[in-house]
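Participant: Given next are the chains, with one letter for each unit.
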Amino acid sequence: GAGVSQSPRYKVAKRGQDVALRCDPISGHVSLFWYQQALGQGPEFLTYFQNEAQLDKSGLPSDRFFAERPEGSVSTLKIQRTQQEDSAVYLCASSMTSGGADTQYFGPGTRLTVL
Amino acid sequence: QKEVEQNSGPLSVPEGAIASLNCTYSDRGSQSFFWYRQYSGKSPELIMSIYSNGDKEDGRFTAQLNKASQYVSLLIRDSQPSDSATYLCAPLGNTGKLIFGQGTTLQVKP
Numbered sequence: 142g143a144g145v146s147q148s149p150r151y152k153v154a155k156r157g158q159d160v161a162l163r164c165d166p167i168s169g170h171v172s173l174f175w176y177q178q179a180l181g182q183g184p185e186f187l188t189y190f191q192n193e194a195q196l197d198k199s200g201l202p203s204d205r206f207f208a209e210r211p212e213g214s215v216s217t218l219k220i221q222r223t224q225q226e227d228s229a230v231y232l233c234a235s236s237m238t239s240g241g242a243d244t245q246y247f248g249p250g251t252r253l254t255v256l
Numbered sequence: 025q026k027e028v029e030q031n032s033g034p035l036s037v038p039e040g041a042i043a044s045l046n047c048t049y050s051d052r053g054s055q056s057f058f059w060y061r062q063y064s065g066k067s068p069e070l071i072m073s074i075y076s077n078g079d080k081e082d083g084r085f086t087a088q089l090n091k092a093s094q095y096v097s098l099l100i101r102d103s104q105p106s107d108s109a110t111y112l113c114a115p116l117g118n119t120g121k122l123i124f125g126q127g128t129t130l131q132v133k134p
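Taken in sequence, the protein lines are chains A and B. Quick note on numbering: the working numbering labels position 16 of the first sequence as 157, and the sequence is numbered without any gaps. Quick note on numbering: the working numbering labels position 18 of the second sequence as 42, and the sequence is numbered without any gaps.
There's no promise every hint is true.
[To be verified] Below, a list of computed lysine-lysine pairs in the DSS-like style, where the Cα atoms sit at most 30 Å apart: (1) LYS91/B - LYS80/B; (2) LYS198/A - LYS152/A; (3) LYS155/A - LYS219/A; (4) LYS219/A - LYS26/B; (5) LYS66/B - LYS219/A; (6) LYS198/A - LYS26/B; (7) LYS26/B - LYS80/B; (8) LYS198/A - LYS133/B; (9) LYS133/B - LYS80/B; (10) LYS152/A - LYS133/B; (11) LYS66/B - LYS152/A; (12) LYS198/A - LYS155/A; (13) LYS155/A - LYS66/B; (14) LYS133/B - LYS66/B; (15) LYS219/A - LYS198/A.
[Stated by the list, open to error] Okay, the calculated bits of chain A under chain B, using three or more residues with CB under 8 Å as the criterion: (16) 164 to 172; (17) 178 to 187; (18) 194 to 207.
Quick caveat, the hints were computed from the structure, so don't treat them as lab data. Even for Gly, the Cβ is constructed at its ideal location relative to N, Cα and C.
From just these sequences and the hints, can you work out the full model?
Facilitator: In structure tokens form, the structure reads like this:
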């Protein structure tokens, strides 16, 4: 079956631009996570959705970051007024149930470069 | 102190040897632990999960957990060049988020 998909795969933005990153989780998966991975580092948690409810956004680095999952399937991570420090790979993961104890399946990521 | 500590490596082992990857974590409340493998330019993929103290074996992989010492390890037997990747240790945090270490880069030399 289809895995987690993300688009675009690569995004180049000028500093100050807004960007929107899309995640299509595995069909029927309840949980959806966003992570940010800087070069040479492990992924860092950004936010978590259980269906359409955003239950944890403690990892969002600033109020420029906003995520939504309005119908409990596709999710969008939006970054306003991008800064150079936002350059990273943004990973989306989904899992079948809530709570996270089951496998999180990762998408291919979106590599964001802010010039 | 970081929540999850891993030696960044690189750890270099000859083909056929045992690779030993280690991880310590700070949250004593963590109950579930995951090892992910990440090839360069790719996304992480789960290779092992462990929830109880002791060893868990799956093919060439063995995960070891010691909650009293807050220590998790991954052993790879008969290492192959295709095992060359970054291995990420990830305890499960509250709300189900994974808390990743920075990863250990493993190089298996033919």
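Participant: Output the numbers, in ascending order, of every earlier hint that fails for this structure.
Facilitator: 8, 10 and 16
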